[in-house]
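Chemist: Given the coordinates of chain S, assemble chain B onto it according to the supplied hints.
Here the protein sequences come in this chain order: S and B. Its first residue numbered 222, the first sequence is counted upward by one per residue in the working numbering. Its first residue numbered 6, the second sequence is counted upward by one per residue in the working numbering.
Among the hints, a few may not be true.
Claimed, not checked - Each computed SDA-like pair below joins lysine to any residue, with the alpha-carbon atoms no more than 25 Å apart:
| # | chain 1 | residue 1 | chain 2 | residue 2 |
| --- | --- | --- | --- | --- |
| 1 | S | Lys-392 | B | Glu-111 |
| 2 | S | Lys-250 | B | Arg-32 |
| 3 | S | Lys-392 | B | Phe-85 |
| 4 | S | Lys-297 | S | Leu-309 |
| 5 | S | Lys-250 | B | Glu-54 |
| 6 | S | Lys-297 | S | Thr-324 |
| 7 | S | Lys-392 | B | Ser-89 |
| 8 | S | Lys-250 | B | Leu-95 |
| 9 | S | Lys-250 | B | Ala-30 |
| 10 | S | Lys-392 | B | Phe-91 |
| 11 | S | Lys-392 | B | Leu-67 |
| 12 | S | Lys-250 | B | Trp-71 |
| 13 | S | Lys-297 | S | Leu-452 |
| 14 | S | Lys-297 | S | Glu-423 |
| 15 | S | Lys-297 | S | Leu-350 |
| 16 | S | Lys-250 | B | Leu-67 |
| 17 | S | Lys-250 | B | Ala-48 |
| 18 | S | Lys-392 | B | Glu-54 |
| 19 | S | Lys-250 | B | Ala-68 |
| 20 | S | Lys-250 | B | Phe-77 |
| 21 | B | Lys-107 | B | Trp-71 |
| 22 | S | Lys-250 | B | Ala-55 |
| 23 | S | Lys-392 | B | Ala-30 |
| 24 | B | Lys-107 | S | Asn-256 |
| 25 | S | Lys-297 | S | Ala-347 |
| 26 | B | Lys-107 | S | Glu-423 |
| 27 | S | Lys-392 | B | Leu-9 |
To be verified - Which chain B residues face chain S? A few, computed with CB under 8 Å, are given here:
| # | residue |
| --- | --- |
| 28 | Val-15 |
| 29 | Leu-41 |
| 30 | Glu-113 |
Derived from the structure by calculation, the hints contain no laboratory data. Everything numeric in this text was worked out from a predicted model, so none of it was measured. In this text, a Cβ means the ideal position worked out from N, Cα and C, and glycines have one as well.
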Amino acid sequence: MADVKEVAIGLSVLAENAQERGRRIHVEKGVMALNDQYAAANRQRLEQAGVRAINVLSSPGSGKTTLLARTLQELKGQRRMAVIVGDLATDNDAQRLQVGGATAVQIQTGTFCHLEAAMVSRALDALELAELDLLFIENVGNLVCPAAYDLGENSRVVLFSTTEGEDKPLKYPRMFKSADLVLITKSDLTEVLGFDRALALENLRQVAPQAPVLEVSARSGEGLEGWYRYLQQPTG
Amino acid sequence: MHELGLMQSVLEIAEDYARREGARAIREIGLRVGALSGVEPAALEFAFEAAKQGTLAEQARLAVQWVPLVAFCEACTVEFAVDSPFGIALCPLCDEPAAALKRGQELEVEYLEVV
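Just chain S, with the same shape it has in the complex (with noise of 0.2 Å):
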């Protein structure tokens, strides 16, 4: 009677620790691997329609439709160009961004806080690539969360503007690190604020030293040269 009993005790006890214990699945997989596949099927077509794509990001604030409006209308004629933009609410930006008979295609995104692959695969078949050279991604303004999406662009320009404050690229590490180019904004305000732009320019080169950086002011019109120049680049 007692053996009876010690054994059926000692098999309840197993089958409890075999339901525990489980069997381990490997997976290996990025949370971000379909944006992934998105990102590269966009950035074939792109390509193989020979458009340059740029993602242009920063707080929002910075400038970015700022200064595209005036890139919009001082290239016009030298590049055939377009831009999608992102925001939660509103297509004021489009709207501001119809100059020079550029393209511009909205993407509200409702309550996403970036732009995914996905969502511009979508804007992409509103747009005649086949009949442009350059394409400006507007993304969504935020310095977190778009860090980690790839969209499918050939470049990343990061912004910030001096009203932001010298040491923004130390708290927004991973921004700064996946840019190709950063642009200071706002430079006509450099010495109203007592901006200061040596610190700047060291903190960007501790935490980005693979950036250039430009300085640059779409109302004064100070730097953007320099600005048209990286643009009328091949790659990069």
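Modeler: Chain B in isolation, oriented as in the chain S frame:
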């Protein structure tokens, strides 16, 4: 970061793999998260507890492996760990800032434990 959205993606991947293996429940999800991924530990836990309801992972634990930042100095051809909270990767040999990151930006589902 938008940890809830990220956890929903994690659970989609987890359920997909679990179903393919004929599992009836997920006991543990192993994640690899890089120091520079932008993901916040407490937010991730919170999001996991919220998002796992009604899924195969309803009774699951989250096991997070935090991956430190490792940079590579092109000039000295040496890999090194980065302590700086600002992601300033100064090469231990030449003291110059290094741009190339070998590890530390991951967000991956490493494994599942299922029954």
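Chemist: For each hint given before, does the structure comply? Return the numbers of the non-compliant ones in rising order.
Modeler: 4, 8, 11, 14, 18, 23
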